[in-house]
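K.L.:
Chain by chain, the residues run as shown.
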Amino acid sequence: MVIEMEFAARTIRLRANEKLTAILGNRMCFAGLTIITLIALMGLLAPLIADDPYKTDLANRLTPPSPDHPFGTDQLGRDLFSRVVYGARVSLLVAITISLISMTLGCLIGAVSGYIGGYLDDIIGRIIDVFLSIPELIFNIALVGILCVSFGASTWNVILAIVITNWVSYARITRGMVLSLKEREFVVSTRAMGASDFWILFKHIIPNAVGPIIVLATLNVGNIIMTIASLGFLGLGIQPPTPEWGQILNSGKNYITTAPWIATFPGLAIMLAVLGFNLLGDGLRDVFEPKSRRMSYG
Amino acid sequence: MLKGEKLYKVFESGFIKKKKIVAVDGIDIEIKEGETLALVGESGSGKSTLGRLLLMLIKPTRGKIIFDGVDITALKPKELRKTRTKMQLIPQHPDEAMDPRWKIFDSIAEPLKIHGIDDFDRVYELIDMVGLKEEHLDRFPHELSGGELQRAAIARALALNPKFVVCDEPTSMLDVSVQAQILRLLIDLQRKLGIAYLFITHDLEVAEFMADRIAVMYAGQIVEEGNAEKVLGDPVHPYTKTLVESLDLERNTNEVESTEPRKVLVAGVEENGKECKYYQCPYRSSKCSNIEAIALNGRRVRCVLAE
Amino acid sequence: MDNLLVIEDLHVHFLLNSGRVRAVDGVNLSVKKGETLCLIGESGSGKSVLGLSMLRLLPSNVYINGRIIFDGKNLLELGEEEIRKIRGKKIAWVPQNPATSLNPVLKVGFQVAEPMILHLGLDKTRAWSKVVKLLDFFGIRPAEKRASEYPHQFSGGMRQRVLVAMGTSTNPELIIADEPTKGIDASKKVQVVRLFRRIREEREDVSLLLITHDLPLARVLADRIAVMYCGHVVEVSEAKTFFEEPLHPYSKALLDSLPSRGLKPIKGFSPSMVNPPEGCRFRDRCDFCSSRCEELPPFFDAGQSTVRCWMYA
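Protein chains in written order, with the working numbering: chain A, 78 to 375; chain B, 571 to 877; chain C, 0 to 312.
Rather than coming from a laboratory, the hints here were simulated on the basis of the structure. A couple of the hints might just be wrong.
Partial list, computed: chain B residues near chain C (C-beta under 10 Å) [claimed, not checked]:
hint : residue
1    : G611
2    : H685
3    : G686
4    : S715
5    : Q751
6    : L755
7    : L774
Beta carbons are placed, not taken as given, at the ideal position from N, Cα and C, and that holds for glycine.
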């Protein structure tokens, strides 16, 4: 076991160092990371920088931005700034949870399916295709609707629904990568050495497949934030009074002319968050793109 | 030491309309300890498939492979993995042979690690044997040249002291001068370690140089097999004759011919161990649909002409 | 014979993160009208770069210096417009990998017609009939039908003929073929030889520059041979004399490493192209090396040939 650890550590350590410098050096990554960190910090430090997002103050409904209420107040007199700041917690946490769950589920299914092949792979492949052919948002709406009717409205419904639509993209990418990696000569060579399937999967296939998956995961978080917001905008997502950007936007749509700030600030927040993740994802894609091999100038 | 009996490999694709490719069509093959058998044929003849079949990297559709007295086609996965220590592969593309994210040291040490051998000094021993230096160990595959990578692949293949190594066109991707180095290295190692080689190539001259015995493959079947010098010097099977003649570029291009290229049938679509697939043979007759290998002066020829 | 293209003191360096790769480091070479010149070298010798630089097809992170004189002009100084008129029209390039060099979604006939339409200004009908004639000439039959097919319906060998047809369609003065036999079975090489001989049949005065490291191929096709090693041309000889009596030690060693001549390996490794050694680059591997070799030898005449080796001073 000791050899095992030393071995793995050497390989991983070196790779991590290189990758870290590459990532931080890339401009898009840096920009994206900055935005995300700021938003995350904002959420983390919410109790310190904002007031109670649930406190209603009917006397001060629909007041425009002022030193007391930097983003104004909403239709129930709640401080909009606090709601947006706490909303960051909700959006980020829920989005990342969904991303992690669908990533684990999707990658596992995709990897196993791709590696084992045969009938299993045929069936799973078709299932993936079917899922992918359904328009995502409508599917989500339908699922959330069904779950709400069956189990009552809750945040877990949203998470479950989005996970169900989301795991497929991970499965598809992982399966694709595993299928192509399976036949690469270095994998065949490792099999020839007498390595077990486990060894091959975890030491060779998954590390080489990780790149595109990380890129997908990052871009995916942005997507999920949008989906949650869309569901919220339709009144189907995370329910009030929990502050969630899309749902706040939704509540603000009736006051666009009278109190535009209610819709504007959460909208900006959504935009920034998605932008941040997209930048990071695009930057990571640059970093993880396979280095062009030695030049064929031979 | 190694015997393949009635080996078939059929690749199927498609869900409803199944397309079959018969890559290996009823082959009997034998390799003795310490000898080099060259397997020659054009691309698509199935020689790579046969090589991998013998290593059980691909499962034969039918047939047995007996290695050191044990039928390895019947082994359970765990036992097969143990047997693998004795049979290794040197692949065709040196730049693809190793995990691009691993350092050369780790790639060469991998077989030792897999089988729990706690001896990293062996890695240094191995690179010494193949002519690499310590500085190469610390690099990644994309930092080495083709020749250096192939040496590393050879080092890795030797790590577990195999008795049998399949060399799958090890030099076809390398420059002529590097080829000479690698081939000499392989011969040297064979002399020192007594390894048997199945040397797969499409280059007859290289085959003649490397091999004791040679087997000529066409469309998944072995059409002629025997002592390398004799087979190449005096081929019996018409296909072998064509191959040998194509060596002489000068003579060939001066002959008057049509510009229509010779159509080569490679893998057939029907399993038919008995029929000779060389349809364009000028001597073809009805007898050719049912012909087995015929022994003739120490070789085996699968042709009516051998009678 | 007159010179068609003359390369003078060409330097092509690639500027990479890991350093400056001196792919072509001071090359003088000329291609005569109507001859077949084989440029021989290993991977990394710079031969492909040399070919690409004649057509200015190199990526942007290169440093190029020197002159390539063609038709009285220095190709390296021409503007993009002007070089485009020459590329494909007067100097044609037949690329290395037939599998990836054809556009999979365009009919083959169209791809062969493309240079004619672009450079000769032919209209589609005229171009098409020329295409059919060309394909037929190179043995792709029935030409009319095959011209309407797509690349995936052609075998590797046929695709190579298509590429050659594309190259010759505009009647260029110089055809550069990059490693035409790479990855091709020994038994199929005959087809390649016949293909190039056929080009000669059609146009006697076209010049062929074959970039290859396939010595048997060069032996059958070449009029002259130029050998490159590590960015330098080290020998230029008539083909016949080259194979009988190679001059440069590297040429000798290269021929000796052929299977037909004993498979004698060249000791040592090729030097790095990022920091090539001073002086003669073959020094460490040469059996005839002496102290003089610490200084890079100039070209010396030896009969009809020129050699870059102190032994011929």
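K.L.:
Against each hint, give a clear statement of whether it holds in the structure.
P.N.:
Hints versus structure:
1. G611: Since chain C brings a Cβ to about 9 Å from G611/B, closer than 10 Å, the hint holds.
2. H685: Cβ of H685/B sits 32 Å from chain C, so the hint is violated.
3. G686: Interface hint status for G686/B: violated (35 Å vs cutoff 10 Å).
4. S715: holds (7 Å)
5. Q751: holds (4 Å)
6. L755: holds (8 Å)
7. L774: holds (6 Å)
Violated hints for the displayed structure, listed by number in ascending order: 2, 3.
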